[in-house]
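Chemist: Given only the sequences and the hints, what does the whole structure look like? Please build it.
These protein sequence lines map, in sequence, to chains A and B. Anchor point for the first sequence: position 290 equals 289 in numbering that gives the first Met the number 0, and the numbering is continuous, going up by one each time. Anchor point for the second sequence: position 40 equals 39 in numbering that gives the first Met the number 0, and the numbering is continuous, going up by one each time.
In the DSS-like style, the derived pairs of lysine-lysine whose C-alpha atoms are separated by at most 30 Å in a straight line are:
{"id": "1", "chain 1": "B", "residue 1": "139", "chain 2": "A", "residue 2": "19"}
{"id": "2", "chain 1": "B", "residue 1": "142", "chain 2": "A", "residue 2": "16"}
{"id": "3", "chain 1": "A", "residue 1": "135", "chain 2": "A", "residue 2": "188"}
{"id": "4", "chain 1": "B", "residue 1": "186", "chain 2": "A", "residue 2": "19"}
{"id": "5", "chain 1": "A", "residue 1": "33", "chain 2": "B", "residue 2": "95"}
{"id": "6", "chain 1": "A", "residue 1": "235", "chain 2": "A", "residue 2": "188"}
{"id": "7", "chain 1": "B", "residue 1": "140", "chain 2": "A", "residue 2": "16"}
{"id": "8", "chain 1": "A", "residue 1": "19", "chain 2": "B", "residue 2": "142"}
{"id": "9", "chain 1": "A", "residue 1": "16", "chain 2": "B", "residue 2": "139"}
{"id": "10", "chain 1": "A", "residue 1": "16", "chain 2": "B", "residue 2": "186"}
{"id": "11", "chain 1": "A", "residue 1": "291", "chain 2": "A", "residue 2": "235"}
{"id": "12", "chain 1": "A", "residue 1": "19", "chain 2": "B", "residue 2": "140"}
Calculated from the structure, these hints are not laboratory results.
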Amino acid sequence: MTRGEHMDIGLHQILMKVQKPARYTGGEYNQIVKDRNTVSQRIALCFPDTYEIGMSNLGMRILYGVFNECPDIWCERVFAPWRDMREQMRGRGIPLYGLESGDPISTFDIIAFSIGYEMAYTTVLDMIDLAGLPVKACDRDDSMPLICAGGTVCYNAEPMADFIDLFFIGEGEKLDLEVFRLYDECRRKGMRKTEFLKLAAGIQGVYVPSLYRVSYDGAGAVTAVTPEEGAPAVVKKRIVEDFDRSYFPARTIVPSTEIVHDRVVLELFRGCIRGCRFCQAGYVYRPVRAKKPDTLIRQGIAALSDSGYEEITLSSLSTSDYRNLFSLCDGLLDWCEPNHVSLSLPSLRADNFSVDLMERVQKVRKSGLTFAPEAGTQRLRDVINKNVREEDLLNSCRIAFEGGWNTLKLYFMLGLPTETDEDVVAIAELAERVFQVWKKSAANRNRGLRLTVSTSLFVPKPHTPFQWNGQISSEEYLRRVALLKSSLRSRAIVYNWHEAETSLVEAVLARGDRRIGGVIEKVWRKSGGLDSWSEFFSLDNWLSSMDEEGLDPAFFANRDIPEDEVLPWSMITAGVTADYLRKERRTAMEGRITPDCRKQCTGCGVNRCFSEVGCDE
Amino acid sequence: MNDSVRVQFEKTGRARYISHLDLQHTIQRGFSRAGIAIRHSNGFNPHPQMSIALPLPLGCESVCEIMDFAPETVPDLDRLTEEMNEKLPEGIRFVKAYLPSRKVSEIRWIRTEGIWRYDDAAPLEELRTLFLRDSLPVEKKTKRGMAEIDLAAAVRDVCFTPSEQGVHMTALLSAQEPTVNPDLLVKAADRHLDGQPVPEAVLFRRLELLDSEGNVFH
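Modeler: Here is the structure:
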């Protein structure tokens, strides 16, 4: 064994003491290794969760590829270590490192976080700390890396405003590189970080929180958000205009250890035509932009051949709304079937599931089906604009049962605006009718039906028509859970409900202002991060930290915000106008639906904001 | 496996942390990428006919791993290693591919080397004499729980030399019945050398497979 041939024996020592060490080593097929001496910028692309979760994220794979296509940039991946590894690293003073090089990320130029969900905030802080850097942006000097963040949660960046130098609002494929180039230029000129941030704020899609002053009234409500140093009053998101020609990771990393979604993911389109009023993604990813079926077939086959993966999944907010779904499936199956590759289709709508589609999915493997009616009565489904009719749902179920499916999951939310006990009980009645449909139409009744009803607690999200609506209290949620439980009589139906505690914290973080930063820091010091994992989440940590910061969870989570109040995220726009959101909210309260974008344009404003990109009408 | 092809391959560097199960999957995907179809077993859950002999302990390197697989059509064996090495992750490298003439059950010894790193002075002399003993009982994990085996009969030619990091070890370890994980040598030292320092870290590497005559196994 010659020296230098193997990894550092100190790291070896700790890797032998932790579970699944392969997630901390890098070295996978298609990882990108460059010469650290010839690149001009080193970027740590960080995902604030475990390797298995982060490597399953399509956004990470896209950005990794986009950044590394630049010859002068070397982007490496960084994930949150599990508790055992974290203790070992802290105990032996091993700082957080990039998987490709093993170099400490505190020596990189830029640290970029991709944040997909609010519960990852404490993990972001822990990763900054593990890197050996101060968690607060104001405590980091010019010798330290620039820390930026993007991802859907950044449409309300305020809770993380204290910790992040710069936020990317919208899709990062072009925006991020523009910012990186500017940073490189500014550094070459010897400019201060503060000078760079002022310049960066001029790029569309960049939000620099330190350039905005927030004022509050005595009750704690935001009264004004004032831009300073020439920062724009409103930051408009960035999007990929020509999605068909946008970057696709055909040569993607294939982990050498099992991850959550271990397959090729084909993104059919961005955005959603539907306009469900609770859905943040449906509003912030507008306008709908689709790839051509030929492009998708070509990219799917290229990624499968290159990776050796045995499965490909079609992914989008509402996959069955893709116009050419059948020809796409057929084109892929022509290649997949002879090559023993299976095709899966998540996120199907319950109203247009067809025999044709079913046959295509089951050609290679038959997995469980999930439909999301979201609410039990037509009235409430109209309120939330989930335009699934009961007869459509039952018809879809019948087709599936006749086709031999015997595992079905129905997903609902409790606590939606205007929900009554009648709506709650109706969930049980709907599930019972699905059971009756199975009895009549099952291809093989001897195999039995596995019908699961799941409920979660509605979380109001920024930039949706329900952003002003308060969440119901945890006690009220549990009362409704009990009501539903007692209404479900059939023993064939299993009922799972999501815990109220995390949904409450999610609501606080989703609608939080800057003052929540202090809470996040306190919770991180108590929990050590990974609050997205039930093992490490503790409601007590959050409640006690809010108490110490003098903040009331109900103010953020449960309060109905007056429509004329300044929202903490009002300096950011996804292109949908505030007037449209108010109008949609009124329409909801009247129990009326809004047609989908293909039936008619309902004037959300995004087409005027991005006039160069046509909506997929 | 009839009509099977045997491959000798290396697993070094960071690939040493890939578990046995994950390694099978990783190599399968390598075959897919290279367009080499593997025969599948019949039955409800067909699995590819591929088997890696003598599973390597996690964290241990090797330059002498052996794998047999059943291709749909026998590929060009001279080009197979080159083609596969372009399709495998860092640290996994095919050395040669050939049609096997001997059974894996004929493998008797594995020549193994290791670095034992000590923070303080390494107990070199004590280690040397320890492995000369006639009997060296250690606990070994088996499918039925813990069992005691005599390492003296299952380990040969143990040699310790001083090295920069501590000591350098070479030994022949019994390959099967019993299979000796090199960590058992560390356990033996820990158990039988009272009051001596224990290594901070150990790093092992398989070098060679031998049959009962001491000849290199292919």
